[in-house]
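Work the whole structure out from these sequences, hints included.
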Amino acid sequence: MTSRIFRAGVLRSVAGSLAAIGAMTAAWPALAQGFVGAPRPGGMSLPESVTVIGHEIDFFHNAILLPIITVICLFVLALLIYIVVKFNAKANPVPSKTTHHALLEVAWTVLPVLILLGIAIPSFRLLNHQLIIPDADMTVKVTGNASWAWTYSYPKDEGGGFEFQSRLLDQDTLAPGKLRLLDVDNEAVVPVNKIIRMQVTADVVGIIHSFVVPAFGVRIDAVPGRLNETWFKAEKEGIYYGQCSKLCGKDHAYMPIVFRVVSEEAYKTWLAEGQKKFAEVESPVRLAAAVGN
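Residues 777 to 1069 in this note's numbering are what the sequence shown lists, from first letter to last.
Note that these hints are calculated values from the structure, not bench results.
Be a bit skeptical, because a hint or two may be false.
Below, a list of computed lysine-lysine pairs in the DSS-like style, where the Cα atoms sit at most 27 Å apart [as the list claims (entries may be wrong)]:
{"#": "1", "residue 1": "1009", "residue 2": "1022"}
{"#": "2", "residue 1": "1052", "residue 2": "954"}
{"#": "3", "residue 1": "932", "residue 2": "873"}
{"#": "4", "residue 1": "932", "residue 2": "1022"}
{"#": "5", "residue 1": "1052", "residue 2": "932"}
Distance windows between CB atoms, simulated [said to hold, decoys possible]:
{"#": "6", "residue 1": "949", "residue 2": "894", "range": "51 to 61 Å"}
{"#": "7", "residue 1": "1036", "residue 2": "851", "range": "42 to 52 Å"}
{"#": "8", "residue 1": "841", "residue 2": "949", "range": "40 to 50 Å"}
{"#": "9", "residue 1": "874", "residue 2": "1011", "range": "28 to 38 Å"}
{"#": "10", "residue 1": "874", "residue 2": "1029", "range": "45 to 55 Å"}
{"#": "11", "residue 1": "910", "residue 2": "882", "range": "38 to 48 Å"}
Where is the CB? At the ideal position from N, CA and C, for every residue including glycine.
This is how it looks when you write it as structure tokens:
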């Protein structure tokens, strides 16, 4: 009886998983138009990058880290096989008494140091590019809320003067074409080919979050009482997804990030609509930008 119940439960789980995959697969052709950073059925590679920093991260991973990791893994595997075959009890009834080997000890010390230096040099160059923010065309302040949502603030002196919360859509009434656990009620909107300075923090009485948008190459912590900055310049219009990547509490899994990148004309239209849709507030972004400068 117990085994039948167990098998039935397993079959229901498998059927549910297949149905979810099928729904995502069926919806993907419609979503693919301008969508980057969303999950793809069977996807295993990094999401497509649409910023200079993102391209550099991809190159660092694919052209530097991945080959080094692959060579090291294959070398260790070959070494293990060699040791098992060469130094088993049958092949060596009298075990070796060797306790050290100066050349090998120097080699396994120097070689890892050289490998780490080879990784560190381009890594530091990439970090420097991420940290030095060029003259920005606009600023958006992002606040991670204690209620597990994101607040986006657009400065008044840049045509905004409003802020809004972005929350996960109700999963029970999710409209067709919307992505489960990713789409939100209010998307952040930015213009294409413009340098966007992101000022990221968290509620003073809140907890630490991590603001991550893989397609932009953006990952930065949102810390209460601290203002962190990063930047990106999206090269292509579309919708880009991210998520909180810090274990921040019970609703950590329900803090998606959605950016819509549009033309400059469409962005101006959205700003005008945003001033009507969202209550006008005295945005703290201007003060933060002044302090940052």
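Quick rundown of the hints versus the structure:
The hinted pair formed by residue 1009 and residue 1022 meets the criterion: a straight-line CA distance of about 24 Å does not exceed 27 Å. Only pairs whose Cα atoms come within 27 Å are accepted, and residue 1052 paired with residue 954 is accepted, the gap being roughly 25 Å. At roughly 77 Å between alpha-carbon atoms, residue 932 and residue 873 are farther apart than 27 Å, so this suggested pair is violated. Between residue 932 and residue 1022 the alpha-carbon distance is near 31 Å, which puts this suggested pair outside the 27 Å criterion.
Taking the CA atoms of residue 1052 and residue 932, the gap is about 13 Å. The hint holds against a cut of 27 Å. Residue 949 and residue 894 have their C-beta atoms about 52 Å apart, which keeps the hinted 51 to 61 Å range intact. At roughly 46 Å, the beta-carbon separation of residue 1036 and residue 851 lies within the given 42 to 52 Å, and the hint holds. Here the CB-CB span from residue 841 to residue 949 is close to 42 Å, well matched to the stated 40 to 50 Å.
In this structure, residue 874 and residue 1011 break the distance hint of 28 to 38 Å, their C-beta atoms being roughly 58 Å apart. As the Cβ distance of residue 874 to residue 1029 is approximately 53 Å, the hint placing it in 45 to 55 Å holds. Under the hint 38 to 48 Å, the C-beta atoms of residue 910 and residue 882, about 45 Å apart, fit the expected range.
Hint compliance for this structure: hints 3, 4 and 9 are not met, and every other hint is.
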